[in-house]
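Peer 1: Quick mapping for you: the protein sequence lines, in order, are chains A and B.
According to our numbering, the first sequence is numbered sequentially starting from 101.
According to our numbering, the second sequence is numbered sequentially starting from -1.
A couple of the hints might just be wrong.
Once the Cα atoms are required to be at most 27 Å apart in a straight line, the calculated BS3-like pairs of lysine-lysine come out as [as the list claims (entries may be wrong)]:
hint: 1; chain 1: B; residue 1: K261; chain 2: B; residue 2: K289
hint: 2; chain 1: B; residue 1: K261; chain 2: A; residue 2: K139
hint: 3; chain 1: B; residue 1: K289; chain 2: B; residue 2: K258
hint: 4; chain 1: B; residue 1: K361; chain 2: B; residue 2: K261
hint: 5; chain 1: A; residue 1: K139; chain 2: B; residue 2: K289
What the hints contain is simulated information worked out from the structure, not anything from laboratory work.
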Amino acid sequence: MAARPNVMPSAVRPVAEWAGLPCDDARAGRLHPFLVAQKARMQRLYDEDVTGFEFDFLIPQG
Amino acid sequence: MRETDLDGLTIASAGRLIRDRRLSPVELTEATLARIERLQPRLNAFITVTADLARQQARQAEAEIQAGHWRGPLHGVPVSLKDLYCTAGIATTAGSIILKDHVPDFDAPATARLREAGAVLVGKANLHEWACGVTNDNPFFGRCHNPWKHGYIPGGSSGGSAAAVATRQGLASLGSDTGGSIRIPAHMCGLVGHKPTYGLVPRYGVFPESWSFDHAGPIALTAEDAAIVLEAIAGPDPRDPSCLTRRPPAIRRGLRRGVKGIKLGVPVDVHFDDCHPEVHAAVINAIATFKDLGAEIREVSIPEARHGLDLCLTIAWAEAAHFHRRWLQTRPNDYGPDLIELLASASAYTAVDYLQAQQVRAKVRHAFRRLFQEVDLLVSPAAPLPATPHEVEEVEVDGRKASVLGLAAGLTATANATGEPACSAPCGFTSDGLPIGLMIHGPQLADGLVLRAAHAYERSQVWHRHAPPLSA
């Protein structure tokens, strides 16, 4: 089990800027917990061994 | 016909009466419109009521049937559409202020097929903004209430559809399901909601949340009614490249064959975690009923199901963020407060994240495919908790806080990731009168078998005959 991933509050604005989203201090504060949850979610998915499924995503039959 | 005569009607029973000319589509439609007029201020199930069109379609249906041309069980029957199905000449908002003046010049294939079947459109149902949530607390078109308990969520995102059908403001509705948006409101409103096999029902003309998780399907009063509607709307359409190209298998044929000898899998992991005790008890009772009906019950392990919600919140939200990208950049203030941050944060998923999620999804799909070589169907709770008050965003489970969205979609989202058919059917009520749904999940294209099991269970029970107090 991986350690709980961290996202520094200072990372929020560059992420928003990359996505082209307007982001003031208030929005950055609201976005931060979402990004923390997202990083934890992705960590759970990265913890999964997906060897052998490399090409399957090209055929998303649902 | 009085408005109260609506109670007890289903599509199957109304269709027979209309065919035999013992029920007038015009009178049925007028009674339905009277009910909408009475309940709309309390439930807010509709964004647009199409009374003039409904009266015109009902008159046409009546004239055709009088002339001996009965089209089938939907002919002259009032229905609604979640307001993200395009309707020619009628506003289609997707529950968003951005589309408040959007009037399509074409019908979605599913809309057109209901028209061709002779159904009468009474309105466009309220939904969670852009179909992205479960509360139906729409910031632009108002909150839709659960007909079983005012101030409670109807579930979503097809909550207006479910609130309408539960109170017979139309005898069925088309919803859409990305992580459970047909089955969750069916569970919370005491109805049958069926998410079909991916590609069975064309989604062209249905505003997307996520191209690879979205499904279009019916919310109805009974399994038989769901089968009638599904059979009408299923089938290929060249405008939807994800649609199956072959003719769909029969859905209604064999509906009454029961469950004797059917192997029903009961998952020992994930599906009963975090379950409200009354939901747990109702589902266990339903499984015992299936056994009494002759089904073979087998405990099965499918730990891969634990990824269902994570896959939905990754892949589906990334696809949603992609669809909304331009508006997020140019019109961020035209999104509700609960949605803007979800979509904005989903923009941060990298391509590498998306690909990892797709590979996990493939692994989950393979695991379910193997499981369905051992059992015919899976049965579980549709959701671990019944409807919650509108104001409640988190509940406490085993000493930790969990979001209502995450709990509600935690079990349903897996079938969106795999693309397999799954329905929710009523299996009881909590002690304070809130409906509970049983989920029946089957392999690809086993939609008929899923609804056959729901129908067999329903015939041995009375849950689907209960009506919320508002419609009395």
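Peer 1: State for each hint whether it applies.
Peer 2: Each hint, compared with the structure:
no., hint, verdict
1, K261(B) x K289(B), "holds (10 Å)"
2, K261(B) x K139(A), "violated (39 Å)"
3, K289(B) x K258(B), "holds (9 Å)"
4, K361(B) x K261(B), "holds (23 Å)"
5, K139(A) x K289(B), "violated (43 Å)"
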